[in-house]
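Colleague: So the chains spell out like this:
Protein chains: 2
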Amino acid sequence: MGETTAFQLDDRLARDSHPVSRLDLCELRLANDSRWPWLILVPMVADAVEIHDLREGDQLALARETAKVAQLLKKITGCTKINSGALGNVVRQLHVHVVARNEGDPGWPGPIWGHGKAEPYDEADRQKLIGAIRESL
Amino acid sequence: MGETTAFQLDDRLARDSHPVSRLDLCELRLANDSRWPWLILVPMVADAVEIHDLREGDQLALARETAKVAQLLKKITGCTKINSGALGNVVRQLHVHVVARNEGDPGWPGPIWGHGKAEPYDEADRQKLIGAIRESL
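Heads up: the sequence lines are chains Y and X, in that order.
Take the first sequence: its position 43, counting from 1, is numbered 43 in full-length UniProt numbering, and each next residue is one higher.
Take the second sequence: its position 122, counting from 1, is numbered 122 in full-length UniProt numbering, and each next residue is one higher.
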């Protein structure tokens with residue numbers, strides 16, 4: 001009732017992804033699905049749902065951080081195409097997906113969201129990818 | 001061969017959507033699929049494929065124009081959620097989708113891309129929606 005709500009990561013996002021880094025605006029996470037290298041940016045702004053609900057400065061910071069993450073993911077993976085998107089039909093907390101896609105990968109050329117069942121990483125593979133991302137940031 | 005290539009709209013984007021307006025950076029188009037109110041922004045930059053390939057000024061202009069279009073589409077349609085995304089697995093020319101989603105619409109809560117078969121607008125419905133978008137710009 002008039003109190004400021006603090007940002008708190010959505011439970012499902014927390015469960016389905018691993019922390020990678022904190023950028024200026026966003027928490028950067030790796031989805032726990034080894035089918036595609038798949039990063040998620042979550043603006044640390046309480047109650048944000050749509051990108052256009054953010055203050056203009058935060059919208060531009062989100063665009064900058066998304067582009068930075070897309071560029072490094074393309075470089076690290078050598079992928080054919082980056083897919084980025086903000087859907088939020090299931091988890092309403094604002095989050096932006098950045099996914100490395102390659103011809104013939106699961107679901108290609110369709111979208112990844114809602115496609116089949118997640119295949120969690122082996123611990124070693126996950127740590128290796130997270131390490132490479134952290135180094136490139 | 002060192003020559004500057006002019007921007008030209010991809011043939012498939014031209015065929016599957018209708019012109020709505022020209023913004024500062026982007027051509028704004030309406031997808032010819034009445035299942036969802038679905039706008040497409042195409043930066044008028046030759047050979048652009050990934051958002052992060054744009055110059056920084058154009059990246060921020062794209063973010064601003066996408067947010068503006070998302071906000072007006074949400075206002076016009078009263079939709080539950082905006083879905084936005086840049087995929088480009090089929091059409092490589094850089095384009096950003098902004099789609100109005102509602103609970104129970106075709107494919108909900110999954111993504112729209114690749115879902116079923118397009119249902120073209122009746123001419124009158126299309127003109128009405130395009131008119132409302134132009135008025136709100």
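Quick caveat, the hints were computed from the structure, so don't treat them as lab data.
This structure is a prediction, so every number in the text was calculated from the model and none was measured.
Check each hint, because a few of them may be wrong.
[What the hints assert, rightly or not] In the SDA-like style, the derived pairs of lysine to any residue whose C-alpha atoms are separated by at most 20 Å in a straight line are:
hint: 1; chain 1: X; residue 1: K117; chain 2: Y; residue 2: G107
hint: 2; chain 1: X; residue 1: K74; chain 2: X; residue 2: D33
hint: 3; chain 1: X; residue 1: K68; chain 2: Y; residue 2: A61
hint: 4; chain 1: Y; residue 1: K81; chain 2: X; residue 2: A100
hint: 5; chain 1: X; residue 1: K68; chain 2: X; residue 2: D47
hint: 6; chain 1: Y; residue 1: K81; chain 2: X; residue 2: V49
hint: 7; chain 1: X; residue 1: K117; chain 2: Y; residue 2: S34
hint: 8; chain 1: Y; residue 1: K74; chain 2: Y; residue 2: P109
hint: 9; chain 1: Y; residue 1: K74; chain 2: Y; residue 2: S34
hint: 10; chain 1: Y; residue 1: K117; chain 2: Y; residue 2: G131
hint: 11; chain 1: X; residue 1: K68; chain 2: Y; residue 2: G107
hint: 12; chain 1: Y; residue 1: K75; chain 2: X; residue 2: K68
hint: 13; chain 1: Y; residue 1: K68; chain 2: Y; residue 2: S21
hint: 14; chain 1: X; residue 1: K81; chain 2: Y; residue 2: G107
hint: 15; chain 1: X; residue 1: K75; chain 2: X; residue 2: N89
hint: 16; chain 1: Y; residue 1: K81; chain 2: X; residue 2: K74
hint: 17; chain 1: X; residue 1: K81; chain 2: Y; residue 2: R92
hint: 18; chain 1: Y; residue 1: K74; chain 2: Y; residue 2: S136
Colleague: Each of the hints needs a verdict: does it hold here or not?
Modeller: Here is how each hint holds up against the structure:
1. X:K117 x Y:G107: Judged against 20 Å, a Cα distance of about 17 Å means the pair holds.
2. X:K74 x X:D33: Roughly 17 Å between the alpha carbons, so the hint for K74 (chain X) and D33 (chain X) holds.
3. X:K68 x Y:A61: 16 Å, holds
4. Y:K81 x X:A100: 25 Å, violated
5. X:K68 x X:D47: 24 Å, violated
6. Y:K81 x X:V49: Since the Cα atoms of K81 (chain Y) and V49 (chain X) sit roughly 9 Å apart, the hinted pair holds (cutoff 20 Å).
7. X:K117 x Y:S34: With a Cα-Cα distance of about 30 Å, the restraint between K117 (chain X) and S34 (chain Y) is violated, given a limit of 20 Å.
8. Y:K74 x Y:P109: 17 Å, holds
9. Y:K74 x Y:S34: 16 Å, holds
10. Y:K117 x Y:G131: Given pair K117 (chain Y), G131 (chain Y) is violated - Cα atoms ~25 Å apart, limit 20 Å.
11. X:K68 x Y:G107: 31 Å, violated
12. Y:K75 x X:K68: Measuring from Cα to Cα gives roughly 31 Å; hence the hint is violated.
13. Y:K68 x Y:S21: 13 Å, holds
14. X:K81 x Y:G107: 24 Å, violated
15. X:K75 x X:N89: 30 Å, violated
16. Y:K81 x X:K74: 29 Å, violated
17. X:K81 x Y:R92: 9 Å, holds
18. Y:K74 x Y:S136: 11 Å, holds
In the structure shown, a violation is registered for the earlier hints numbered 4, 5, 7, 10, 11, 12, 14, 15 and 16, in ascending order.
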